[in-house]
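Enquirer: Chains as they are written, first to last, in our numbering: chain V, -5 to 280; chain A, 2 to 304.
Please keep in mind that the hints were generated in silico from the structure rather than gathered at the bench. Keep in mind that a hint or two might mislead.
Here are the simulated DMTMM-like pairs of lysine to aspartate or glutamate, each with C-alpha atoms no more than 25 angstroms apart in a straight line [to be verified]:
no.: 1; chain 1: V; residue 1: 83; chain 2: A; residue 2: 86
no.: 2; chain 1: V; residue 1: 83; chain 2: A; residue 2: 284
no.: 3; chain 1: V; residue 1: 72; chain 2: V; residue 2: 167
no.: 4; chain 1: V; residue 1: 83; chain 2: A; residue 2: 169
no.: 5; chain 1: V; residue 1: 83; chain 2: A; residue 2: 168
no.: 6; chain 1: V; residue 1: 83; chain 2: A; residue 2: 172
no.: 7; chain 1: V; residue 1: 72; chain 2: A; residue 2: 87
Stretch-level coverage of chain A by chain V, calculated; a stretch enters the list once three of its residues show a Cβ under 8 angstroms from a Cβ in chain V [as the list claims (entries may be wrong)]:
no.: 8; region: 91 to 100
no.: 9; region: 216 to 230
Glycine included, C-beta positions come from ideal geometry on N, C-alpha and C.
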Amino acid sequence: MLWQQLANGTTMGMIYALITLGLTMVYGVLRILHISHAGIFALGGYLAVLASRVSPNLAFVTAAAMLGCGLVGLLMQKWLYRPLLAESKVVSLIASIGMFTLMEDLFRLVAGPYVLPLPVRAPFGLDQFETSHMTGNQLVVLIASVMLLIAAWFIIHRTRLGLAWRATEQDFETASAFGVNIDRAVGTNFLLGSAVAGAAGALVGFYYNSVYPTMGSVPAYKAMAIAVLGGLGNVWGTVVASLILGLVETFLVISPAGLILPRDSIAFIALILVLLFRPHGLFGRR
Amino acid sequence: MGLYQVTIAITVGIFMMLAMGLNIITGYTGQVSLGHAAFFGIGAYTSALLSVKAGVSFWLALPAAAIVTAAIGAILGAISTRLHDDSLAITTIGINFVVVSVFQYTQFFGGALGVGGIEYPSVLGHALTKPEYLVVVVVCVLLGIWFDRRLVRSWLGLALRAVGQNEEAAESLGIPSARFKIAAFAIGTAYAGVAGSLYAHFMTFISARDFGFPTSISIISMAVFGGLGTLRGAILGSLALGLAPEIFRPLVNYRNLMYGALLLLMMRFQPSGLIGDGSLIWEWLRSVAARRRKTQCAPGGEA
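For reference, chain V alone in the conformation it holds in the complex (with noise of 0.2 angstroms):
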């Protein structure tokens, strides 16, 4: 029991910290709140229900989705948000809302409200892995989001690309007086963050064996709170945030607490009680 709850919460927890990478990755590069990234994550699961009807293997249908949602992000940022990054905050957020409540409705138009199923099969076997403590599934999400994990941060600080990335998050006229392409920088970043999103939208679709329009609302809104907890832009913070979340959600669902604490309010007091105490995250950095 207690080992089912670990496993379970642990591979929740690496769910968010999927979904929170790809918009903690955007946030550190253009600063923008990224409300329409739960709406890739959304348009992933729906991508690897179209390629599941190519082929039913789990790989191959993430990566479609990736190359996909990738694809739709780099078009996101180059059409939406680069001409808003003169004006004040607000305004990309509020066109992000839109962007993220017009691309629910037309998921619900073009594919129906109701639930897909998302028929796959992990390669080598591994979702009919079984023991008494984690099913096939969770050992299946969790080792692709480490795999992913360990991808972004080998991408972010291993490579001249992740430098730029960094370069630019720190100041956008130094690094291109250092010779830094900002629109490259910026675009790659979108379409690996993009990506990224895509991959968590057909890994929790495959999870669940679910992919609804509104898959993302939920997500859209905790994956902020989990990016400020973690320290918005800080890679290994989100992790650890997620995965304290993922874990905290799980075991006070099943205790007595979770008669009176509706799970998805945890992420949010967790984040004001947090931001009382140290306004930068629990990981931030001055």
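Given the coordinates of chain V, work out where chain A should sit on it, guided by the hints.
Expert: Then chain A, alone, in the frame of chain V:
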């Protein structure tokens, strides 16, 4: 006006109160609040519980709701002085979720069932008709407009705008920005408290769902759509977006799609809103007004 139109007019009036209040917090003082509906809810529940549990009349419950909401808003304002921009925006989302779940999960607030049987206002034993209630709402909106005008011209309003435009510069001129942020939150949420009271006594039944995060989004969308930072923008924005669902009623299946597209396109191509400072329509109106002034003066050869 039929009863249906009166109902819509009352709803739009309530939205105007909400948008005006948010405009003071976010427009004038620059503190992005995405949880305004929480205060709408606090006002509504205060008024409803006073009426249902203590038998207080609407005429007393309304100011009480404004005061309680403003007090809680001041507390949020005090918190907000520790937070900046994005953290504040996200925290206000959090406050909205937490307040709604308190309403929804606490027996005292009626739990999931909400609060029903709220007294419909009456004067000397005569229960108000809907058109009469509309008059009450209109009076509240007019008072709100009047207060906003006074505020903008007062030193307090100037200080709020200074904090909104550049906090560091304001601080360096000796304006204690923390105190003014708290004032802005208290005033703005008081508007929401009045709106909540008006809503509760009009619907006579409220539940936590009415005050959720989507309502906050609608309110900030109205203020931004019309033109953030201007009173006329808040009024026109709440009028336009408040009526939009009625105008688009034949397209009810596409309502969210259109709503999203409207916000998206407005922000993308006209970020200062429909009639905000610097928007196409406002600049055009101003140039027309300037030309008319010129032609009026020309024949007399004066001025």
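Enquirer: For each hint, tell me whether it holds in the structure or not.
Expert: So, going through the hints one by one against the coordinates:
no.	hint	verdict
1	V/83 / A/86	8 angstroms, holds
2	V/83 / A/284	23 angstroms, holds
3	V/72 / V/167	19 angstroms, holds
4	V/83 / A/169	17 angstroms, holds
5	V/83 / A/168	15 angstroms, holds
6	V/83 / A/172	21 angstroms, holds
7	V/72 / A/87	22 angstroms, holds
8	91 to 100	holds (count 7)
9	216 to 230	holds (count 5)
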